[in-house]
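Protein chains: 2
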Amino acid sequence: MRKGEAADPAVHFVDDYLPALLARASYLISGEFHRIAKDRGFTVSEWRVLATLAGNEPMSISRLAMLTVSKQPTVTRVVDRMELRGQVKRIAHDSDRRVTLIEITPAGSREVAALIKLAREHERRVLDPFGLQRGAELKATLKRMIALHPEHPDADDADEDA
Amino acid sequence: MRKGEAADPAVHFVDDYLPALLARASYLISGEFHRIAKDRGFTVSEWRVLATLAGNEPMSISRLAMLTVSKQPTVTRVVDRMELRGQVKRIAHDSDRRVTLIEITPAGSREVAALIKLAREHERRVLDPFGLQRGAELKATLKRMIALHPEHPDADDADEDA
Numbered sequence: 185m186r187k188g189e190a191a192d193p194a195v196h197f198v199d200d201y202l203p204a205l206l207a208r209a210s211y212l213i214s215g216e217f218h219r220i221a222k223d224r225g226f227t228v229s230e231w232r233v234l235a236t237l238a239g240n241e242p243m244s245i246s247r248l249a250m251l252t253v254s255k256q257p258t259v260t261r262v263v264d265r266m267e268l269r270g271q272v273k274r275i276a277h278d279s280d281r282r283v284t285l286i287e288i289t290p291a292g293s294r295e296v297a298a299l300i301k302l303a304r305e306h307e308r309r310v311l312d313p314f315g316l317q318r319g320a321e322l323k324a325t326l327k328r329m330i331a332l333h334p335e336h337p338d339a340d341d342a343d344e345d346a
Numbered sequence: 185m186r187k188g189e190a191a192d193p194a195v196h197f198v199d200d201y202l203p204a205l206l207a208r209a210s211y212l213i214s215g216e217f218h219r220i221a222k223d224r225g226f227t228v229s230e231w232r233v234l235a236t237l238a239g240n241e242p243m244s245i246s247r248l249a250m251l252t253v254s255k256q257p258t259v260t261r262v263v264d265r266m267e268l269r270g271q272v273k274r275i276a277h278d279s280d281r282r283v284t285l286i287e288i289t290p291a292g293s294r295e296v297a298a299l300i301k302l303a304r305e306h307e308r309r310v311l312d313p314f315g316l317q318r319g320a321e322l323k324a325t326l327k328r329m330i331a332l333h334p335e336h337p338d339a340d341d342a343d344e345d346a
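As you go down the protein sequences, you meet chains A and B in turn.
Plus 184 on top of the position in the first sequence (first one is 1) and you've got our numbering.
Plus 184 on top of the position in the second sequence (first one is 1) and you've got our numbering.
Among the hints, erroneous ones may be present.
In this list, chains with the same sequence are indistinguishable; a pair is considered to hold if it fits within one copy or across any two.
What the hints assert, rightly or not - Keeping only pairs whose Cα atoms sit at most 35 angstroms apart, straight-line, the calculated DSBU-like set for lysine-lysine is:
#, residue 1, residue 2
1, Lys-222, Lys-327
2, Lys-301, Lys-273
3, Lys-255, Lys-301
4, Lys-273, Lys-327
5, Lys-301, Lys-222
6, Lys-255, Lys-222
7, Lys-255, Lys-327
8, Lys-301, Lys-323
9, Lys-255, Lys-323
I should point out that these hints are in silico values taken from the structure, not numbers from a laboratory.
Pulled out of the complex, with its shape left as it was, chain A reads as follows:
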């Protein structure tokens, strides 16, 4: 503690610690929408994969895993299942045929469109108490934070205990 910096004993470390606040807010807000998605028959991973592919370029499993904050074997299993249902398909990379990319199908796009509409409505309800400006600032700050902290090459945030 620096001189003149008073500790408020009523505030516990984790209650004012950014990573803990991000984790808790993320868990609570995502959890709310995941209940909506589950009611419509989507698992959390199915929702994340389809939402990430919707309107996006085809991408590799590893990029999909990164963007959905999921493990690669999980994404592979989900993509297998969704391919059987015709929601996504595997295609070869244009310039390197050995690379496989995942693309959303028109059927997958149609099925996820209704859920994306519900997601935007949920997001609006979450941001509403903060007002337009504060909501936009929050998103801008998070985007810049994400840009400033690229994925670590050895990223493996697996908890040995989980």
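Position chain B against the provided structure of chain A, taking the given hints into account.
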């Protein structure tokens, strides 16, 4: 889409979707500190449990699981191990002896103190590019969001696919 609200085709849904931004920022920022904690011999769960108990009242396993965004069996296993090491201990609840609470020991407090110092330094580095005011606003917004979205009684954000 409402009238007059133009969609920017260059912005994909998940790139501007609050729950996705929270999840990604949380993963990247926590991941950075988890590498620092691991270098000092702490698993992610050990760090979360000790940081949550530090300077705090004794609490039940279920509350500890909630605050650390972890599953109860995981927290129980971690507490068992840390109890053997003398970092935490189980005590009976004052008014209801059937309830067991977890308390950090003086040894546990000493061991986590150095890590909390590193965590505060890491947090300062993360917030530095945003300036004091924007950093404080971010934390205030997250705290209010957490307060506005209490844990759902049937909260189970487990991904069936993970």
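* Asked: Looking back at the numbered hints, which does the structure fail to meet, lowest number first?
  -> Structure breaks no hint.
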